[in-house]
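In case you want the letters, here they are:
Number of protein chains: 2
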Amino acid sequence: MNDKLPTYKIRFEPTGREVTVATDETVMTAARQAGLHINASCGGSGVCGKCRIILEQGAVTDGRSEKLSAEDFARGYRQACLARPDSDLTVRIPAESEMGTGGLTIEVPIRHRAKIHLFDVEKLRREGVFLPPVEKMCLELLQPAANDNMADAGRILQGLNSQYNERRIVITLATLRKIRRALRDKDFLITVTLARPVNERGKNMLVNVQPGNWSHRSYGLAFDIGTTTVHGNLLDLQTGRVLASGSSYNGQISYGEDVISRIIQAEKPEGLALMQGLVVNTINAIIGQMLKKTAIDRDEISSITLAGNTTMTHLLLGLEPHNIRRAPYVPVSIFFPPIRAQDLNINLAEHAVALVYPAISSYVGGDIVAGVMGSGIYRTDKLTLYVDIGTNAEIVIGNREWLVCAACSAGPAFEGGGITHGMRAAAGAISDFSLHPLTFEPMNITIGNKPPIGICGSGLLIIVAALLENGVINPRGKFTHGLSTPRIREGRSGYEYVLVWKEEGGIDRDIVINEVDIENFTRAKAAIYSGIKTLVEEVGLQVSDIEQIILAGAFGSFIDLDSAITVGLLPEVDPARIVYVGNGSLLGAWMSEMSNHIRKDVVEVVRRMTSFELSEVGRFRDQYVASLFLPHTDATLFPATIKRLTAGNNQR
Amino acid sequence: MNDKLPTYKIRFEPTGREVTVATDETVMTAARQAGLHINASCGGSGVCGKCRIILEQGAVTDGRSEKLSAEDFARGYRQACLARPDSDLTVRIPAESEMGTGGLTIEVPIRHRAKIHLFDVEKLRREGVFLPPVEKMCLELLQPAANDNMADAGRILQGLNSQYNERRIVITLATLRKIRRALRDKDFLITVTLARPVNERGKNMLVNVQPGNWSHRSYGLAFDIGTTTVHGNLLDLQTGRVLASGSSYNGQISYGEDVISRIIQAEKPEGLALMQGLVVNTINAIIGQMLKKTAIDRDEISSITLAGNTTMTHLLLGLEPHNIRRAPYVPVSIFFPPIRAQDLNINLAEHAVALVYPAISSYVGGDIVAGVMGSGIYRTDKLTLYVDIGTNAEIVIGNREWLVCAACSAGPAFEGGGITHGMRAAAGAISDFSLHPLTFEPMNITIGNKPPIGICGSGLLIIVAALLENGVINPRGKFTHGLSTPRIREGRSGYEYVLVWKEEGGIDRDIVINEVDIENFTRAKAAIYSGIKTLVEEVGLQVSDIEQIILAGAFGSFIDLDSAITVGLLPEVDPARIVYVGNGSLLGAWMSEMSNHIRKDVVEVVRRMTSFELSEVGRFRDQYVASLFLPHTDATLFPATIKRLTAGNNQR
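These protein sequence lines map, in sequence, to chains A and B. Heads up, the first sequence is in the working numbering, so the first residue is 1150 and it goes up one at a time. Heads up, the second sequence is in the working numbering, so the first residue is 1150 and it goes up one at a time.
No lab work stands behind these hints: they were computed from the structure. Yeah, the Cβ is synthetic: ideal placement off N, Cα and C, and Gly gets one too.
Calculated cross-link-like contacts (lysine-lysine; reagent style DSS-like; alpha-carbon spacing at most 30 Å):
(1) Lys1599(A) <-> Lys1651(A)
(2) Lys1352(B) <-> Lys1749(B)
(3) Lys1264(B) <-> Lys1158(B)
(4) Lys1264(A) <-> Lys1158(A)
(5) Lys1352(A) <-> Lys1327(B)
(6) Lys1749(A) <-> Lys1531(A)
(7) Lys1417(A) <-> Lys1327(B)
(8) Lys1216(A) <-> Lys1651(A)
(9) Lys1352(B) <-> Lys1335(B)
(10) Lys1327(A) <-> Lys1352(B)
(11) Lys1352(A) <-> Lys1749(B)
(12) Lys1327(A) <-> Lys1749(B)
(13) Lys1792(B) <-> Lys1627(B)
(14) Lys1749(A) <-> Lys1327(B)
(15) Lys1352(A) <-> Lys1352(B)
(16) Lys1327(A) <-> Lys1441(A)
(17) Lys1599(A) <-> Lys1158(A)
(18) Lys1599(B) <-> Lys1651(B)
(19) Lys1335(A) <-> Lys1417(B)
(20) Lys1264(A) <-> Lys1749(A)
(21) Lys1352(B) <-> Lys1749(A)
(22) Lys1327(A) <-> Lys1417(B)
(23) Lys1417(A) <-> Lys1335(B)
(24) Lys1352(A) <-> Lys1272(A)
(25) Lys1531(B) <-> Lys1272(B)
(26) Lys1749(A) <-> Lys1749(B)
(27) Lys1216(B) <-> Lys1158(B)
Covered, in the sense of this in silico footprint (three residues per stretch, anywhere, with C-beta under 8 Å from a C-beta of chain B), are these stretches of chain A:
(28) 1298-1309
(29) 1322-1332
(30) 1467-1474
Chain B stretches covered by chain A per the calculated footprint, using a threshold of three residues with CB under 8 Å from any CB of chain A:
(31) 1294-1301
(32) 1321-1327
(33) 1466-1474
(34) 1485-1499
Using the sequences and the hints, build the whole thing.
What follows is the structure in structure tokens.
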């Protein structure tokens, strides 16, 4: 959603609902936002031609494929999946687009996305905690004289004391080697780079000196080292702004998609060095991308903060990950000392400092700690649930007083794994969906409005929820037999629902979701929900005590909150109390680059965060089995959802 | 003086004086110790045959050259310069050995050497300050289990806390890379190496981990980086004992003998790297020498402390020394951070820490600071003068309350420079001397009892003092004319005294000392004495307030205290209050390897030590001119000396 694009208001008739959208949205996605169903099997690629609407007022771009005759076009018909607003519009959804419902416009639930948490540098400044871990300061010093022949180093320290009130400074050997010349190059006007200690009682390291004033050019990097993807931000340490971003698949990916396969690789001779080299190459490539986008010199970057899961962190640092995959799952370390970026072969100047986020355990890593720091859960009064859903779902529960965490083996369902037509969130993936409650015809919305080729995690969630809400499947995930639609049929893996007919999609067969897919999905959501419930109860609370939820991870940005609650993935909480922080790991790394106080806090947070190994908690297994039900076997946990589902089923 | 050799008592007749000496001393040096003069022109090499004595009781080894007939030998005659005791002896000095004094045995002043300060590790232990900067500790840890899956690093830290009460520990990246394997190699029995911070509030660095128990094998190095010579000690950090010593000329010496020529060299392109490499090669060679003498592995050395003058320290660390030789004489730094020995290319294990002594100024370096620390002047109540005499003489005056220091440009006279027959203290150098008060015949004692080839610093001092005491020269350093001896004559540089006739010595001409030599000597001693006097008076005290003197440097070990006071080099102080600490720089480095507290103290000491640039002190020039007199123009400064000299002259 690029907020620089112009926005237009679209009014849908006959319901009169209005919605404001940007000019790059289609009329179909606008209808979806307005909670209106338009049949659209082909995912918005214009192939099925079912999504005809009548343009009553205003102008649109496109809106016509060969499925629409010139005559109909002249009468105002457009294809909703292709038409984009050029002005405010009034659009009528004709009866035929709703397939034989006699002119009644079908309303479907308006979907709730989580509010997006925006990073607020100004707030840090107001709170007095804007203090990058590395800072540049300009000093104008007096030249030595017979009665003032203090050493060059002492002169600099004296200047830092008198001009900036800075004390407790150690000058590195590399800096000492440069200061004589630097002082005399520009008549004793220099810029020094100070690397802050975690602890105020610690020493500041004077890591660099430049002749002249360069204090306005101070840059840092924040990196999330994901198992799949590495993301980086190039930051202006004076303003806190992101000047460039970059990302790339983790170079290790050709050695396996999950952490276990990377560990196995690292255990081979030279394997650890290989894995280390691959991820560093990825980081270096992203740094290169970002520098290219800006007029910043590599040497002007003085710090890099990195966060990743425990295995990724071990591989990055060249630590042996062997015991992460073997019970009792012992990492080499959860705290990592500040190091020189060059010691990891990161392509930065000699003085650049690398800071690596600490972890909690083998399966609750620095990425989660970074998310906790970035999202501020450790400073809130409210009982908060933090969930980062990827191959594993990591959950953290707590507030400013206490924090508990655990990793749930959710499996890869949310990333498309174990699902017949599952795929990653890429072009052609069905990512949004609604179901006609009477005809059971789908409204498939794909990423990039491409012909559908599969289902990504957010699509899977909303499909399962829609099937459940409309009574197409029952709480056990089994299809209701005897519904009058050709889309429900018996397939090779039990009953299935056809989302896309072969001729309307982008692959050589029908795209379906079957009972095995739904079972796999249910296992995944059960692993997460039962993890949350177990964790909350371990500290003597109830799921209903949770006051807010913070979602992180790529999946979280697309997650439909109503669906997540409907299927029992997330606890029943007012959607207004759910916040999305995006890439929590990158956010935390960014925060650390802005506020050195975070680095002190993080030590405290890690120390007070209690990690649970769910498999070691007796009741977890029962909780898990109880959660293998949509939304849950215990109806009291989802009162509003159960009420709504019951009402819907009774209507039919 | 090897105290393992047997000692024998020698009684000299007719005086009846007794002295106890080791079996490797000659009867001549024994006589010298007893304050008895025996004519010996040839320096103890047996050539002149003048030092005949009669063995009345006991047995000697050797004691005969072709100068002694078989008949005389049978009668008990021996050559004192060749004879070594094999039992207690009674020896008669016959009249002829004293050359025409009619049987009167000539007594000459018994010489005072400074007491030797011995390094006392046990005292450090008693005071509770025996704490090497690097320590090894053995840990026996529990293996991880399902209910105890703490990270490897955390397990080690927990063990250090519970077993040794050690906290505030940072594990280096290099160590983290080793701990998984190290823990599992010997069933969680490991030895860790902790590098201590200077400050108790600082962090301990865990720099190494070894499987098994190696805590009893912990070694360190102490080095003095001299402009001329580099000295090293290999130390057992458990017992504090020196296991081996080594030394070698500083590899930079081919680029010039003094610091200025080294600086000029370092200013050339690549010159600094060249100088750095040369001194490090020297250090590495000495380490190699010392390891060869012991069964210690290079990797078992965890720390090295280095002390040197400011220029040597800059060259060692690769810091630009350019401004050390240019007014206002500004070094790059006087404090140096702890570094990895490998960062200086010192051939030690990756984990070995290098600690470099801080300096005071461009010309009062880390060698002097080390001497102050090693000798304990900074902790004494007594007003103490510390003098290290080399090419420059550095002086420190003070006590536990305050310290002042300065460098005196004494010139190279004490190292043999600017003296006609001057030489370094090597075999054949006249190092001890007495003068027959009536015949003016010399008793030359040379290093190694070799035929004389020149005069070293300690010899020069004692010769000048003897000439002055016996009225051969006057307080202005000019020869008394008309004394009845062929040894005083007019030479090319004014009057001179012949120490060794060509045929009795080891070179192709007579060895003499002339008035120009004495003038150069006087300038050198005046530079030091006037420096001491200026410094004392700058703090509002008098030279007579000095309560004790600490001598350091190679010259100090051989210095004859009476002579030094007689000529006005040192203030008139009871010789019992003068202590010799040997190589103060090496001593301080050794101390630092034994007691980390020294490193904290040294920061305080450097901060409270006030450095004076003598040339900037107005009265210094006058003081210097007043000191160009033997012992001084101001007789009140040397009351006892003046009284003695006057009495001696009146006798004649």
